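Colleague: The residues making up each chain are set out below.
Number of protein chains: 2
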Amino acid sequence: MRFIVADWGTTRFRGYLIENETVLDQVSSNEGVSALQKGQHRDVFLRQCGRWLEAEPKAPVLLVGMVGSREGWVEAPYASCPAGPAEIAGALVPVDLENGRQGHIIPGLFCEPAPGAADVMRGEETLVLGTGVEDGLICSAGTHPKWILMRGGRIERFATYMTGEMYALLREHSMIGRPASEPQDPKGFDLGLDAAERNQGDNGVGLLHLLFSARASVVSRRMDSGLLAPYLSGLLTGDEINGALSQFGRPSSVTILAEPGRADLYVHALERHGIKSEVKVPQEALIAGLARIVRQHAVG
Amino acid sequence: MRFIVADWGTTRFRGYLIENETVLDQVSSNEGVSALQKGQHRDVFLRQCGRWLEAEPKAPVLLVGMVGSREGWVEAPYASCPAGPAEIAGALVPVDLENGRQGHIIPGLFCEPAPGAADVMRGEETLVLGTGVEDGLICSAGTHPKWILMRGGRIERFATYMTGEMYALLREHSMIGRPASEPQDPKGFDLGLDAAERNQGDNGVGLLHLLFSARASVVSRRMDSGLLAPYLSGLLTGDEINGALSQFGRPSSVTILAEPGRADLYVHALERHGIKSEVKVPQEALIAGLARIVRQHAVG
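One line per chain: the protein sequences are Y and L, in this order.
Residues 1 to 300 in our numbering are what the first sequence spells out, letter by letter.
Residues 1 to 300 in our numbering are what the second sequence spells out, letter by letter.
Calculated directly from the structure, the hints in this document are not laboratory data.
Hints may be right or wrong, so weigh each one.
It does not matter which identical chain is used: a pair holds within one copy or between any two.
[Unchecked claim] Derived pair list, reagent style DMTMM-like, types lysine to aspartate or glutamate, alpha-carbon separation capped at 25 Å: (1) 187 / 112; (2) 280 / 135; (3) 38 / 224; (4) 58 / 98.
Note that this is a predicted model, so its numbers are computed, not measured.
Sequences and hints are given; from them, build the entire structure.
Modeller: Shown next as structure tokens:
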């Protein structure tokens, strides 16, 4: 079965023509959702993918990511957890393409991690369905890493951390990261993981203190400035993992969805907790998840 | 006794002519340490305070704040905790003014909150000595709030939190704060304090998750956007207080050094822990602390 996909995020547009789980053709541009006004999305899609629409007049069309947000093409309301392929395929939101043909936006997911609290995702639900994990814990480690608990093939609940964005804030805009120097000494990552242990359990000293303390170690000449950037990365990653494990328990293994460099950091940090990791490539999981939703949609 | 003071921080220069604890005259400018190059500090000081030097040829001259940092006039090495008036007055660092006259930079303090960890202050040590608190816990609540434990009239140890800077980062540079709208609804502060409770103890979910969740509550329309900014303030302040109380124990009362608006937030947050507060004005504490160091220096 052939189908057409737009993986349409905040900063990038990526189009794929797919047969089963093989990419036959692809396009990409910087026409992300944040670069567009209401009313422009259809034209962008037709310009980028119109030739596939003509060549494959029966192919289903799926759109995934921030294209379904309030700032996107059409707002696709969040589906609620628990949600699996059936719930997600049942909540697809149609958009008009041309000549009466429709595409379908994959809804994001909402969950209530505590009474009155909220968490959301858009796009990761599709990657997660493509991992093949039916029961277990998945970490999708992008700018806003998400820890996702699978039960019986459905997304039971999840928690998002702003780890990657926080690292960028500290490096680019904060006096905490200002003393950091190049070349970086990667040993800082483990020192940051050590520091994160001081924020565990009943005697937790607070992440906001540990961040200030990192800077203080450099300005008081207790830590070399080349260690600071990896130290901040380790501290934030360690605090994220501590929080995720206390929310979701301590499994014997975790599935990590991340590019190799970032995945290695999580594998290493989880090893310190005695937890094994299986790393999966996000792009492959995305295609597999899309194929699963297309099949479900065709069946449903 | 008359003395001359420069309270010289990162962004402001403030000069005072003081008799005992009364300010007789004052000047201020935006010639903070970050606006100056090495070698400019003496000229700025003489231009701002030179007439007092002439009028009071015997008056001691004290300089306090970031003027003693690596980027300041002369680096005044950090004194180590525990430190009281005697230790601080004994570690003053002289600078040449004119005609053989000297001023003295008050050193900052260093402490080791855990083996290998570090924390530093420059300026708050002087405020703290001006509170008159001999035994107890003080919170100096500026951009980087510091919690300071006093024992027998000396600063025993302290911990700094980047709370205020973090709030500014989230509001100005992060997608977490972007959905916040005006007018602000101050009820959000208490909701943020509630959320901070979810990061206490063995089941702490992690501050980086709670921050993302605040945004998710707004984009999923579970929370009004006018609540978000006070919510973030409450979450950060609550997490700071939780960390500080777990580091320093839970006293029956805390002395707060802060301007009225900010002090009110701390008083309220501490009340929820059953802790009373006594609020002191930072400016008055600074003058009292300087007078104490001058007297000690004259004696020593």
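Colleague: Would you mind marking each hint as holding or not holding in the structure?
Modeller: Hints, verified against the model:
1. In the homo-oligomer, the alpha carbons of residue 187 and residue 112 lie at most 25 Å apart only across protomers (21 Å), although the nearest pairing inside one protomer, at 37 Å, exceeds that limit.
2. With identical chains, the CA atoms of residue 280 and residue 135 are at most 25 Å apart within one copy only, with a shortest distance of 16 Å there and 56 Å across copies.
3. In this homomeric assembly, residue 38 and residue 224 come within 25 Å of each other (Cα to Cα) only across copies, at 23 Å, whereas the closest approach inside a single copy is 49 Å.
4. Only within a single protomer do residue 58 and residue 98 lie at most 25 Å apart by alpha-carbon distance; the minimum there is 13 Å, versus 88 Å between protomers.
Checked against the numbered hints given earlier, the structure satisfies every one of them.
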